[in-house]
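Residue-level listing of the chains:
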Amino acid sequence: MTSNIQENIKAALGQFSRKQLMELDTCSHCALCTEMCPAYNSSKDSLHAPGVRTSKAVKLYDKKFSLWSKIFGEKEITQKEMDDLAESAYHCTLCGRCRESCPFGFETHELWIRIREIVEAMGTTPENVARLSNMLDENMNPYGQDPDTRLDWSFYVDIDEVPEEDEADIAYFIGCTTAYKGANHEVAFSISKILESLDVSWTVLGEDEWCCGAPSMMAGKVEEAKKYAEHNVKMLEDRKVKKVITGCAGCFRSFKFEYPALLGRKPNFEIQHSVEFLRDQLAEGKLDLEKGDETIIYHDPCELGRLSGIIKEPREALSYLTSNQIEFDENGIDSKCCGGGGLLQGVNNDMRLDIVKIKLEEALAKNADILVSACPACKLAFVDGAREHEIELEIRDIHEIVAKRFGVLEE
Amino acid sequence: MNPFISTMYAFWVEKLPYITIAVFTLGMALRIQRWLSAPKDHHLPKLDIVESIKYIILDVVLFRKTFKRDKLTWALVFAFHGSIGGIIFGHMRGFHLWSASIFDPLGHWWADWMIHTLPVYMGWILIGSTFLLLVRRIRLEDKQLHSLVNDYGALLIVLIAALVGQGMRIFPPESHEVVEYSVVFIPKFIVLHLELVPSYHWFHWHVLMTQLFVIYTPFSKFIHIISGVISPALYGSRRKELDI
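Heads up: the sequence lines are chains A and B, in that order.
Those letters in the first sequence? Residues 1 to 411, by our numbering.
Those letters in the second sequence? Residues 412 to 655, by our numbering.
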């Protein structure tokens, strides 16, 4: 192996922050997180256990940076070690559930992304994930779709025109998984209908909307993510928007938490997930809707709930929409992952479909009429999972429930 | 007594403590230097003292998260950490950080029980729970965890130190009388005072093993005794920041 690769790996290992290095040193490899991990529970492969990932990572770090290596020389990182770390890093939905079982509360989401950066430096990023980068470069979205088809979803739904203004108070950042995935077109439609029904000036970015950068972050390409952050913030600030709303949990988390770190400053606008916006409108009486009586079970998207703290807002919004709201046994900060995150679909779609089955079956067992979420990646996982496992259950985004109450979406 | 053993015991009690303190201090300095040499964190939550203390108590002292999910494992880890905590607290009396009189309000019988009987039970709990944790680790090895050498090293040191410490308590003291017996780590500052000389051989082996424990701390998983309060403090502050 060339010394150049070893130097690249060393440089990447050297990027563990102080806190992350302390976390790696503190981890007792107690395996208390293992049973909580959706990937491990699906495969029962020890390499997919979160604690094993820290064992592997600290071992590699010590090969390059320990006192021993400083005295007696650095050790070479072998191909097998690189392959194992890549296998471990990408069999993870980045759901952060391991944080909620770790007695020390390590910020595992950030730690696993750092490990993916190391995997990228090793050149062992899985092929499908590496391909994602090319698609992003060419099309500014991770699905390889032509950028000028970003608003094509509006052709398939009953909406007259989606506003593309030079200036507006509110910008609706649609997100790639909503714009390009058929299962989510009605989500974009529903959010647009909600905005249309309110007396607000709003706009979408159209072709000027690029991927939020979350897939690049998840693929360990922080510099690439920065490019998307810079572009999107510029486009939004140029339009002098005061508030950006998005229905995508991944986009929301990027804007709210990653962009300030990537850009070194806070953007000049407020960022809200559309479910927060919806809750506010409902609470202020701006949307007068009839309450239904369907049994609705709400799934907390990991990036929205556990990782962003938006837990009570969707429940409050739902309380205006139905009189019969039920919960999964583990919900809120403890919610089980749907399998739709962390780029797992590109690496091991069977595992993703295996993970989502657990939630679908629990929703069925609880006699839910509708399984509701507030994230297009979760909805996609549920729709794909229901099809794969032949499960009959209505799956909706929370905004689609509003559109149903408006009478503009089929029951 | 065999002169070699006698010299060895004298070294463990009279000279090794200085080495222990020196190695521990150097090891901690190296560990801190290792952390500080890493890049700074971009976004740390604003430290919230109340939330930090709350989650240190809930998650590190009481193992809330483990209790929520697996009562049996919780009982094991709580027994292990609780007994080791109690035993370390008990040892602090020997360093004159507290005195037996704090139990006087409980009455003579209870005070005596707290000072002389409870530590023996604590010792058994520690030995039992350490052994079970070792068995658990071996059983889960290559299935749910990949241990590093020092994961086993740490557990073995605790187990041996606890075994010889318990031997020191349950076997009768030697017949020779000593009015005052001290183990000096830092003269006039860190000194272990013993009011009774326990079983001689067990005592010296216990002194050796506990010093190995201290020496090993900065270089091993024992570091979580120190660093393990920082992460939950940040976790608590992050929860506050996210309003969870």
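Careful, some of the hints might be misleading.
[Stated by the list, open to error] In the SDA-like style, the derived pairs of lysine to any residue whose C-alpha atoms are separated by at most 25 Å in a straight line are:
| no. | chain 1 | residue 1 | chain 2 | residue 2 |
| --- | --- | --- | --- | --- |
| 1 | B | K451 | A | E74 |
| 2 | A | K19 | B | K482 |
| 3 | A | K80 | B | L559 |
| 4 | B | K651 | A | K59 |
| 5 | A | K366 | A | G346 |
| 6 | A | K227 | B | H454 |
| 7 | A | K56 | B | N561 |
| 8 | A | K59 | B | I430 |
| 9 | A | K63 | B | D553 |
| 10 | B | K482 | A | G332 |
| 11 | B | K651 | A | E87 |
| 12 | A | K75 | B | K479 |
| 13 | A | K70 | B | I430 |
| 14 | A | K70 | B | K465 |
| 15 | A | K59 | B | R547 |
| 16 | B | K465 | A | K75 |
| 17 | A | K59 | B | V625 |
| 18 | A | K63 | B | V531 |
| 19 | B | K451 | A | G14 |
| 20 | A | K366 | A | V408 |
| 21 | B | K457 | A | F65 |
| 22 | B | K554 | A | S55 |
| 23 | A | K59 | B | S638 |
| 24 | B | K479 | A | I326 |
| 25 | B | K479 | A | D334 |
| 26 | A | K312 | B | I443 |
| 27 | B | K554 | A | E87 |
| 28 | A | K70 | B | K479 |
| 29 | A | K56 | B | K482 |
| 30 | A | K44 | B | N413 |
| 31 | A | K64 | B | I430 |
| 32 | B | K451 | A | D334 |
| 33 | B | K451 | A | K193 |
| 34 | B | K451 | A | I311 |
| 35 | A | K44 | B | V560 |
| 36 | B | K451 | A | A11 |
| 37 | A | K10 | B | I430 |
| 38 | B | K554 | A | E327 |
| 39 | A | K64 | B | K479 |
Calculated directly from the structure, the hints in this document are not laboratory data.
Hint-by-hint comparison with the structure:
Of the pairs offered as hints, the one joining K451(B) and E74(A) holds, with about 24 Å between alpha carbons and a cut-off of 25 Å not exceeded. Taking the CA atoms of K19(A) and K482(B), the gap is about 30 Å. The hint is violated against a cut of 25 Å. Pair hint K80(A) plus L559(B) holds up; C-alpha atoms about 17 Å apart against a cutoff of 25 Å. Distance check on the hinted pair: K651(B) and K59(A) sit about 33 Å apart at the alpha-carbon level, beyond 25 Å; violated.
This hinted pair does not check out: K366(A) and G346(A) have alpha carbons roughly 31 Å apart, beyond 25 Å. A C-alpha spacing of about 20 Å is found between K227(A) and H454(B), which places the hinted pair at or below 25 Å, so the restraint holds. Taken as a hint, the K56(A) and N561(B) pair is honoured in the structure, with Cα atoms around 14 Å apart against an allowance of 25 Å. Among the hinted pairs, K59(A) with I430(B) is inconsistent with the structure: their alpha-carbon atoms are about 28 Å apart, more than 25 Å.
Our distance criterion of 25 Å between C-alpha atoms is met by K63(A) and D553(B), whose separation comes to about 21 Å. Taken as a hint, the K482(B) and G332(A) pair is honoured in the structure, with Cα atoms around 21 Å apart against an allowance of 25 Å. With a C-alpha separation of about 34 Å, the suggested pair K651(B) and E87(A) falls outside the 25 Å cut-off, and the hint is violated. For the given pair, K75(A) sits about 42 Å from K479(B) by alpha-carbon distance, which is inconsistent with the 25 Å threshold.
With a C-alpha separation of about 23 Å, the suggested pair K70(A) and I430(B) falls inside the 25 Å cut-off, and the hint holds. Distance hint between K70(A) and K465(B) is unfulfilled; the C-alpha atoms sit about 40 Å from each other, more than 25 Å. A threshold of 25 Å between alpha carbons decides the hint, and for K59(A) with R547(B) the separation of about 22 Å falls inside it, so the pair holds. Of the pairs offered as hints, the one joining K465(B) and K75(A) is violated, with about 42 Å between alpha carbons and a cut-off of 25 Å exceeded.
Restraint check for K59(A) and V625(B): the C-alpha separation of about 23 Å stays at or below 25 Å, so the hint holds. At most 25 Å may separate the alpha-carbon atoms for a hinted pair to count; K63(A) and V531(B) exceed this at roughly 43 Å. Our distance criterion of 25 Å between C-alpha atoms is met by K451(B) and G14(A), whose separation comes to about 11 Å. For a cut-off of 25 Å, the pair hint linking K366(A) to V408(A) is broken: about 28 Å separates their Cα positions.
Of the pairs offered as hints, the one joining K457(B) and F65(A) is violated, with about 30 Å between alpha carbons and a cut-off of 25 Å exceeded. Pair hint K554(B) plus S55(A) holds up; C-alpha atoms about 14 Å apart against a cutoff of 25 Å. Among the hinted pairs, K59(A) with S638(B) is consistent with the structure: their alpha-carbon atoms are about 19 Å apart, no more than 25 Å. For the hint pairing K479(B) with I326(A), the CA-to-CA distance comes to about 21 Å; that is within 25 Å, so the pair holds.
With a C-alpha separation of about 10 Å, the suggested pair K479(B) and D334(A) falls inside the 25 Å cut-off, and the hint holds. Restraint check for K312(A) and I443(B): the C-alpha separation of about 40 Å exceeds 25 Å, so the hint is violated. Of the pairs offered as hints, the one joining K554(B) and E87(A) holds, with about 16 Å between alpha carbons and a cut-off of 25 Å not exceeded. This hinted pair does not check out: K70(A) and K479(B) have alpha carbons roughly 43 Å apart, beyond 25 Å.
Between K56(A) and K482(B), the direct Cα distance comes to roughly 29 Å. Violation of the 25 Å bound is thereby established for this hinted pair. This hinted pair does not check out: K44(A) and N413(B) have alpha carbons roughly 56 Å apart, beyond 25 Å. Restraint check for K64(A) and I430(B): the C-alpha separation of about 28 Å exceeds 25 Å, so the hint is violated. The suggested pairing of K451(B) with D334(A) is violated, with an alpha-carbon distance near 30 Å, which exceeds 25 Å.
Annotation: proposed proximity of K451(B) to K193(A) is violated, straight-line Cα distance about 45 Å (limit 25 Å). Under the criterion of a C-alpha separation no larger than 25 Å, the hint pairing K451(B) with I311(A) is inconsistent with the structure, at around 30 Å. Between K44(A) and V560(B) the CA atoms are separated by roughly 23 Å; this keeps the pair inside 25 Å, and the hint holds. Between K451(B) and A11(A) the CA atoms are separated by roughly 15 Å; this keeps the pair inside 25 Å, and the hint holds.
Using a Cα cut-off of 25 Å, the hinted pair K10(A) and I430(B) is violated, with the two alpha carbons roughly 34 Å apart. For the hint linking K554(B) to E327(A), the alpha-carbon distance of about 32 Å lies beyond 25 Å, and the restraint is violated. Our distance criterion of 25 Å between C-alpha atoms is broken by K64(A) and K479(B), whose separation comes to about 39 Å.
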